[in-house]
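A.B. asks: Here's the letter readout for the chains.
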Amino acid sequence: MGKRVGIVAVYQTKYEESKPYLHIHDLAYEPIKEILKISGLKFVGDGTGIDAAIGASQDHWDGYAISSKLYQDQIGGHLRPESRVRGDGAVAVFYAAMSILSGHYDTIIVLALAKESQVDGRLVESFGFEPNYTRMLGLDFLSAAALQAQNYIDKYGISPEQAALVVVKNRRNARFNPVAQAPADIEVQDVLNSPMLSSPLRELDTKPTSEGACTLILSTEEKVKKWTSKPVWIEGVGSCYDSSFLGDRELAEPRSLTSAALQAYRMAGISDPKKEIDVFELSEYTSYQELLWAEGLGLCEKGDGGKLVQSGATEIGGEVPINPSGGLLSGVPVNVAGADRVIEAVLQLRGEAQGCQVEGAKVALAHGTMGPCGQFHQIIVLRRGY
Amino acid sequence: MIERADGLRVDDSYYYITIPLHLEYKWAQGHYFETFLKGLKQGKILINQCPSCGRHQIPPINVCGRCHVEMGEWKEVGPRGTVFAFNIVVDPVYDSGIPGMREVPYTVAHIILDGAPDVTIYHELEEQDLSKLKVGMRVEAVFKPEKEREGLLSDIIYFRTVTEPE
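As they're listed, the protein sequences go chains U and H.
Every position in the first sequence, counted from 1, becomes a number in the numbering used here once 20 is added.
Every position in the second sequence, counted from 1, becomes a number in the numbering used here once 1222 is added.
These are computed hints drawn from the structure, not numbers from a lab.
Do not rely on the hints blindly, as some may be mistaken.
[Said to hold, decoys possible] In silico contact screen, one side only, chain H against chain U (beta carbon under 10 angstroms); selected entries:
no. : residue
1   : ILE1239
2   : ILE1241
3   : GLU1246
4   : TYR1247
5   : LYS1248
6   : ALA1250
7   : GLY1252
8   : HIS1253
9   : PHE1255
10  : ASN1284
11  : VAL1285
12  : GLY1287
13  : CYS1289
[Said to hold, decoys possible] Result set (SDA-like, lysine to any residue): computed pairs, CA atoms no more than 20 angstroms apart in a straight line:
no. : chain 1 : residue 1 : chain 2 : residue 2
14  : H       : LYS1248   : U       : LEU143
15  : U       : LYS62     : H       : CYS1272
16  : U       : LYS89     : H       : ARG1288
17  : U       : LYS246    : U       : GLY67
Virtual Cβ for every residue (Gly too), placed ideally from N, Cα, C.
Work out the full structure, taking the sequences as your base and the hints as a guide.
C.D. replies: Have a look at this one:
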């Protein structure tokens, strides 16, 4: 990148299974109010404040067509530029960075939110399948992810115990994350004893229902340096889609993730991610996915994801710490997930990750994904700038 | 089957399937909508006002988009008001509140409620005779009997025409 884009400020709500006391208007306004306070910025178009807004949410989750109307006033979109990413918040961060690099805007606020408890999420996800084929046959993201996990087990001999280690690590890490929904001091056996949902996936192998929102302000290098003493720069970005039909994919080979990661590594000048990236915040909707994503990112050989977690390398003090925040398995809503990974990466690079802090983290990778079994991936590589 | 010169069929022999779409939401209302809807249940139209620019919001939400400040005072407005715009719907439409097709005709209007001159409420008018509808006519909210109210917009049946002394 010629010019640089950086992060001015971040804010996350506490994530909870349900927030029945909040309308989506209210869920949106809390983080916006807080980030304006933290940054001291206002919605003004004269170059001294926030120029435009980008939301991340989905109509089917929200029960409303073009559901960003539910936070247009809250996000500063009243008679001002506002747009929306239908889906993961990491993509909204990517759009914000591109908008700033284009020179059209200097400063953009990103908001991602979801209230998952308001609707049957598995039904919503079933709308992600084409109507006359897999949807009609009852496929949803959970059973698709189960097919993927089983395929991964069969291909590489991954064991349920290895996958359960991911859950144990993430839920334990969440104990030190003040916004985490479901911190827990659990053991492998707790995971293996949890109810079977869709074999081989048990309840604790999957992300719990969650509600919350998060927000970031991004700006140009010049303004970021002026507005914060702890700048964090976006150094590399990459995204990639795989086939929509599951039958056209290799479910145990996240090739679109690898492609997205290689774009981001090249842009950030990274040749060995294992050595050059200090912390990884990944969107693991299932325990098995964290292992697969580690492989796709080149952190170990194909099929070695299980051994990687067993070795302790992905613990906070390990060689390639993954999800020190507790990850999605500790409860982060859809849409919010990728933006929240970026925020957790920023907190790491600023040394503000409290008990989950990876000492001396200088480079971090944040990951978002959309679609069943990780159809689409968004990678954002960030670097500490002070 | 009849084929056109360009190969397209002119009868309805193309192949279709029916795609059902049903989602039900338990939508959290939060403080602002709860206050508004519970007000309707009590036969009151409660709205809020921006502490910065003074404008009213119907329905009330948490933020004034224009000033980006939290909305302040609640006030009761109406039930009388003045018709700002109207139309009579004659082509049936689907009403997700029923759910089902609505009976036609019916008259919808934007009404400026007494006490909130800068904003309108969208609702129905009792009057369905186009010759008797006029912008500027005076109307009044007619609530359902108290026992039948549910804390929904439909607690107001419609606005009826009222005659007031000059």
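A.B. asks: Now tell me if each hint is right for this structure.
C.D. replies: Evaluated hints:
no.	hint	result
1	ILE1239	6 angstroms, holds
2	ILE1241	4 angstroms, holds
3	GLU1246	7 angstroms, holds
4	TYR1247	4 angstroms, holds
5	LYS1248	5 angstroms, holds
6	ALA1250	5 angstroms, holds
7	GLY1252	3 angstroms, holds
8	HIS1253	7 angstroms, holds
9	PHE1255	6 angstroms, holds
10	ASN1284	5 angstroms, holds
11	VAL1285	5 angstroms, holds
12	GLY1287	3 angstroms, holds
13	CYS1289	9 angstroms, holds
14	H:LYS1248 / U:LEU143	14 angstroms, holds
15	U:LYS62 / H:CYS1272	18 angstroms, holds
16	U:LYS89 / H:ARG1288	15 angstroms, holds
17	U:LYS246 / U:GLY67	13 angstroms, holds
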